[in-house]
Amino acid sequence: MGNRVRWVVATLALSACTHHQVGPARTFDDYVRKSRTTAEDALSSVETVRLLATTAADGNAFGPYTNVSISEQEDTLADVVGDFGSIQPPDQHADQLRAQLDALLSSATDHLAAVRIAARRGTLAGLDEVAAPLAADSDALNAFLEGLT
Amino acid sequence: MTDARVLHATLDLLDRQLLDRDGILCGNVDDLEIDRDETTGEVYVTALLTGPGILAYRLGARRLGRWTQRANRRIHDDDVPGVLEDRTRIPIELAGQIGPSISVAVGAKDLASHDAERWTLRHIIAHIPGNSSRAPQ
Amino acid sequence: MKKLLGVALGVLTAIGGFVDMGDLVANAATGARFDMNLAWVVIVGVIGIIVYAEMSGRVAALCGRPVFDLVRERLGARFGMANMLASFFINFLTLTAEIAGVALAISLASSVNYFFIIPIVAILVWLVCWRMPFQLMERVFGLLGLCLLVFAVAVWKIGPDWNALFSATTHPHVPGSENIFTYAYFGIALFGAAMTPYEVFFFSSGAVEDGWTEKDLGENKINVLIGFPLGAALSLAIMACAHLVLAPRHIVVEQLSQVALPVASAVGRLGLAIVLIGIFAATFGAALETSLSAGYVVAQYFGWPWGKRGSPREATRFHLVVLMSIAAAALFGLTGVDPVKVTEYSIVLSAAALPLTYFPILVIANDVRYMGPNHTNGRFLNAIASVYLVILVVVAIATIPLMIITKGGS
Amino acid sequence: MRLSDLLHYTVRDSDGIELGRVSDVRIVQDGRILRGVQAAFRVDALVVGRGGVAERLGYMRARVNGPWLVRVLLTRFEQRAHVIEVDQIDHWDDDAAVITLRAGRR
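Chains as they are written, first to last, in our numbering: chain G, 1 to 149; chain H, 1001 to 1137; chain D, 2001 to 2410; chain Z, 3001 to 3106.
Everything hinted at is true.
Okay, derived cross-link-like pairs now, EDC-like style, lysine to aspartate or glutamate, Cα gap no bigger than 20 angstroms in a straight line: (1) Lys2407(D) <-> Asp83(G); (2) Lys2407(D) <-> Glu40(G); (3) Lys2407(D) <-> Asp29(G); (4) Lys2003(D) <-> Glu2209(D); (5) Lys2341(D) <-> Asp79(G); (6) Lys2341(D) <-> Asp83(G); (7) Lys2157(D) <-> Asp58(G); (8) Lys1109(H) <-> Asp1022(H); (9) Lys2407(D) <-> Asp79(G); (10) Lys1109(H) <-> Glu1085(H).
If you anchor each label on the Cβ, the simulated ranges turn out as follows: (11) Trp2156(D) <-> Asp1022(H): 52 to 58 angstroms; (12) Leu2331(D) <-> Asn3065(Z): 44 to 50 angstroms; (13) Ala1071(H) <-> Leu2331(D): 27 to 33 angstroms; (14) Ile2120(D) <-> His1123(H): 25 to 31 angstroms; (15) Arg1070(H) <-> Leu2331(D): 31 to 37 angstroms; (16) Asn3065(Z) <-> Val2007(D): 29 to 35 angstroms; (17) Pro2160(D) <-> Asp75(G): 30 to 36 angstroms; (18) Arg33(G) <-> Arg2369(D): 57 to 63 angstroms; (19) Arg1070(H) <-> Ile2120(D): 42 to 48 angstroms.
For the record, the hints were derived by calculation from the structure and aren't laboratory data. All C-beta atoms, glycine included, are put in the ideal place defined by N, C-alpha and C.
Construct all of the structure, not just a fragment, from the sequences and the given hints.
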């Protein structure tokens, strides 16, 4: 029993400290799987910010909440992008995939930053317009995910 | 002797909560003292044992247990009049009611299990404001 | 009349008190990812906590002994010690999660940096534990926690197809995009969130401190039988919100702010304010309960004086453990650990440790010498409790392997 | 001697066959009066062998009966436990932590 408890403690301490564990990709399939997770996480951030922007534009959310939430999503996306960038693509096939997803991620990152900047300036009313380009990012990410299967 | 009470040591005595004569929680029964009469062959439970050293001994850390007991004897303040010869040992005749908890006819302060409680009071709790007020209900 | 008011307050407190950081995160995350396909777990979980919380309250009322006292007495010093260390550690994670939840709620309402708020929250929690009238605070936070009912308002405002929602809830299946392992892992997280052990540590210790006797058994029953199911309904509303608003947009819940988002979008500014107050109150109340539980677990194992009724002078080691736990949890929170991740681990590990807490309660509730001849468990209750015991053991065995297979549900 | 020491003792019958470890101690209060307050706690028997869990939880003393599932699981093991009355003991070897019983007893 004592041993089991110690195991739990060790596992937990390790897993709680590591964040978005990605690890190396050894095969192309592995790389595809990691690309999918990355795209899904990015899509989640993009969609959250889109919803936040419309909600704020409709007058349904106040400033601090909107600002903090958007910043959180921006940070999450930055982590996702960083983690993906650190994965070694195993072959040329993977290079292609990487280039494709990189483009989507950097576009999403730029558009998200624009929303954050506008929100910080207090222009909540027009926030949905600032967030409009995210719709294209969302569609592109969805298309990318469908293309993977 | 029709109403002789039958108890099982691990079930009815060991690890039970102890209450002192004022009803203050004062440790658990960490072990029991057993005495064997070599001539008659009779065996008696003679005392309830309680205190950090006793618990450590029981959990297998025998050396740590003995060491803790010695250390405990050293840090224990002498301003507390000792009722018990050995502050980890409560003679069984001082045990009162044996139920979900066991009441004993000694004060919590007489027991080694309470030393750390007093040490904490003196060195930590007493220095934090508001330590003596009861929470209004 | 006064008695009736007391009962009503107790019930309301139980509703608000049922939902904490673990329930908020687990229900929103599963709703967004699995729609209503895991809603049945909330029902299973709430029946479990009703059965065992009632037993722990009854034991406390009849023999005056709280749960962890019994854990050592029945499991012995050695196994009891292992149990104490595990429970303390899990409780510590829960405490960290709750403090982080309070800080996040304040930060979302004020945009003050989360890291500045954590120490302040820790100090407030400690002050209440140190010398505030506890029952009052518990009720204040329990009642404020009712603000979370706005999740139900949000569901109603969204105006879903009720038949579809009901049938989705009653016909669960593993969604095509998921495998059985992640489904089971999220189910276990929900189960752990509903049956978190600190609930019974706190419940039974509170009953002992309030000096419950045989005549309080009725109140005990009403509190758990009405309060907890309504709390579970609240959990389901949180899940439904996530299912209706977040799931269609492929949003993965990784932040507390996302839990509140459906309410903002459906109910508006006022709704958002109310939900943030509700989250604040529910997590603050739970932070108090887990702080005290840290002290209960340790003090009751060693037989130290414990409790909040008397002054801190009368339970010095207990108060020291509470103080150190709060300080350590705040420091852990300040290291920048992801509060939502900490919450997820705390509920999953709770699930793994459930039999350690609940098994001794079940045994004592059947012990004639403790309960008297008229208050041991009846056959029916024992039958349900036994079924749950099997569930608890299966869950405990499955948890760690599932955690490894699913890499923590990712 | 402490109870925790006694719980490490092994019990053997007169032929040296091992019956198991001491798992509990039965106490009867019928002896001499201590300090005029209560009867001494005389150890009347040793419980030997498996079944420590059921014993400890109270299932063997007819105090705890339910739930059925737990009772059945636990009492299965208890059948291997022996109750050895103290007057059946021939010899205590404290160094080896072995208790030997009289001839003809098991």
